[in-house]
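> So the protein lines, in turn, are chains A and B.
Its first residue numbered 4, the first sequence is counted upward by one per residue in the numbering used here.
Its first residue numbered 3, the second sequence is counted upward by one per residue in the numbering used here.
Be aware that a few hints might be false.
Unchecked claim - No more than 30 angstroms apart at the CA atoms, straight line, and that leaves these computed lysine-lysine pairs for DSS-like:
(1) B:K179 to A:K247
(2) B:K135 to A:K116
(3) B:K309 to A:K147
(4) A:K289 to B:K309
(5) A:K280 to B:K309
Please keep in mind that the hints were generated in silico from the structure rather than gathered at the bench.
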Amino acid sequence: MAILVGRKTRAVVWGITGSQGQFHTQLMLEYGTKIVAGVTPGRGGQEVHGVPVFDTAQEAIEKVDADASIIFVPAPYAKDATLEAIAANLNPIIVITEGIPVKDEILIMEIAKQKGTTIIGPNTPGIITPAQCKLGIMPSHIFKPGKVGLVSRSGTLTYEIAASLTNAGLGQSTCLGVGGDPVVGMSFVEVFKMFRKDPATKTIAMIGEIGGNAEEMAAEYVNKTKYPKPIVAYIAGRGAPAGKRMGHAGAIITGKAGTAETKIESLRAAGIRIALKPGEIAKLIKRPKLTIN
Amino acid sequence: MIKAQVLVAGRGKAGAIKPASSPEEAERVAQVILSMTVKGEKVAKVLVEEALASRYERYVSIVVDRGSKCYTILCSREGGVDIEEVAAQHPEKIIRYRIDPILGLQEFEGRTVAKQLGYSGEQMTQVAGIVSKLYQIMLQCDGELIESNPLIETKAGEIVPADLRILVDDNSLFRQKKFLERSKTYEPDMTELEIKAREKGLAFVELEGNVGIIGNGAGLVMATLDMIIDYKGKPANFCDVGGGASEERITAALEIVLANPKVKVLLINIMGGITRCDDVARAILNIQKKMGITIPMVIRLVGTNEKEGQKILAASNIPSLNSMEEAAAKAVSLISGAT
Chain A
4 MAILVGRKTR
14 AVVWGITGSQ
24 GQFHTQLMLE
34 YGTKIVAGVT
44 PGRGGQEVHG
54 VPVFDTAQEA
64 IEKVDADASI
74 IFVPAPYAKD
84 ATLEAIAANL
94 NPIIVITEGI
104 PVKDEILIME
114 IAKQKGTTII
124 GPNTPGIITP
134 AQCKLGIMPS
144 HIFKPGKVGL
154 VSRSGTLTYE
164 IAASLTNAGL
174 GQSTCLGVGG
184 DPVVGMSFVE
194 VFKMFRKDPA
204 TKTIAMIGEI
214 GGNAEEMAAE
224 YVNKTKYPKP
234 IVAYIAGRGA
244 PAGKRMGHAG
254 AIITGKAGTA
264 ETKIESLRAA
274 GIRIALKPGE
284 IAKLIKRPKL
294 TIN
Chain B
3 MIKAQVLVAG
13 RGKAGAIKPA
23 SSPEEAERVA
33 QVILSMTVKG
43 EKVAKVLVEE
53 ALASRYERYV
63 SIVVDRGSKC
73 YTILCSREGG
83 VDIEEVAAQH
93 PEKIIRYRID
103 PILGLQEFEG
113 RTVAKQLGYS
123 GEQMTQVAGI
133 VSKLYQIMLQ
143 CDGELIESNP
153 LIETKAGEIV
163 PADLRILVDD
173 NSLFRQKKFL
183 ERSKTYEPDM
193 TELEIKAREK
203 GLAFVELEGN
213 VGIIGNGAGL
223 VMATLDMIID
233 YKGKPANFCD
243 VGGGASEERI
253 TAALEIVLAN
263 PKVKVLLINI
273 MGGITRCDDV
283 ARAILNIQKK
293 MGITIPMVIR
303 LVGTNEKEGQ
313 KILAASNIPS
323 LNSMEEAAAK
333 AVSLISGAT
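Please build the complete structure, drawing on both the sequences and the hints.
This is the structure we're talking about:
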């Protein structure tokens, strides 16, 4: 079933009565995703696109059978919503919300770790297993089922690369955004571990960007474990100046740390092939890997 | 001691912290410092305080540790200097201590850190108290970083954080109202256009070049910048209008990018997901009519409703391209033609 979400996934939506939540619930339902409930305090008893809304998660999971969840609520309320989803044993939890304070993110991730819950995001386009399940805001039509696992820190750049893969005849097993914030639930390493065990995934496309050291950690993991599946990576932000946030809260070079150059260097050293343009990812995947001495 | 009060780090290095031994000298030094600009910020205030003779200088900070998803204390016996250089050249001289997000910082942990920093006895307790206070401030103010550099010991043996700065998380401003007000009026690190862009809710960074860039999505815009540089062009800015960009947002972006007189060519790169290409095309036409854009524009418009969008542009003789690479190459070639 690819990774994390598939045909059997049954999700609860936080913020289903808001404009974003309503709009994307409809698109996810149209894609065939099983959205089984929504939670909005004070709106229990209503319906959105035929999906029942509950006041609390406890009530929702008593009444419907659910495993996953997706969070659309505004940043000031996102911590509470996510902690409620964790407490309700929903797993994975996809946090679409952008702009959550890092203090709240630290607490969310710690509680999730203790509970063994997988958090995707925050500040993510979500996750899609093509033709099976979409829990996110990505345009559905650019994805096709196939063998490439795609993991990214970005939104539209993911669409750009997914579309070019699809156009090149390369479908995807699962595509997910880990999120553009400094503190996010899943790292590249954790996603790589899942892709490693997933028989549907044969090749991995990785989209990184400046800031932090998640790419370097991924390179170290690939190197140490002699990762068995080919990986192609693109790193955005080679032209970004130091000390400036490039759109994402996490995309910032601090001093000399987190530059695209150091990321590319460590990925190359781990045998990961680097695409210098987004469009090159598909070309590199199609071209068999040359032996490097 | 006369210290410039500016919202940037590295005052000492820039010569904006100076001693004085008499009131007359203090006045003279203060005048010099008040005429300075430190990293782009004009010095408007100075702090005059007792010069503390220090036996040594140490460094203490609390940072957001992205990898470990927690706050971490960083400290070093090598204070008063550029801590990044210490970290790069002598990583063994940096002490790291992870703060448990649930437990917080217990008193014994403060003492453990103080001990590792080389303190004992009464001083150890004092330093533990200082570290604990830094953590409380970090939580209360939604800090991304709180730093005392240097932490000093006076001749009387008292430990004093001689300098303290805090970076507040932008995402917390909805609940950190006192900082919200200040951040509106005081932006030392930002250009005029960057401040304007922030008011409009756009992610915008001004750069040195002449190719104006607008796109939707941070990663996509960064990739566009990189591509322009690969084709030997120079980006004038980073400008992300975000997802589901409305006509108003695109208008705001165009106004800000075109307000930069260095911009000779404009490149718009839209990968429509939730954003519909026909909406974007109509927005561009409306804006062009209103603003009378005179410099060449290169538009790349793909994704949801791309055919309709491209048709709308074509009807007004505005060519649009399918590939980001073609668009970047074309934008750079127009610059070479223009100069």
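> For each hint, tell me whether it holds in the structure or not.
Right, here's what the structure says about each hint:
1. Taking the CA atoms of K179 (chain B) and K247 (chain A), the gap is near 23 angstroms; set against the 30 angstroms cutoff, the hint holds.
2. The hinted pair formed by K135 (chain B) and K116 (chain A) meets the criterion: a straight-line CA distance of about 27 angstroms does not exceed 30 angstroms.
3. Distance check on the hinted pair: K309 (chain B) and K147 (chain A) sit about 21 angstroms apart at the alpha-carbon level, within 30 angstroms; holds.
4. For a cut-off of 30 angstroms, the pair hint linking K289 (chain A) to K309 (chain B) stands: about 28 angstroms separates their Cα positions.
5. Annotation: proposed proximity of K280 (chain A) to K309 (chain B) holds, straight-line Cα distance about 25 angstroms (limit 30 angstroms).
In this structure, none of the earlier numbered hints is contradicted; all agree with it.
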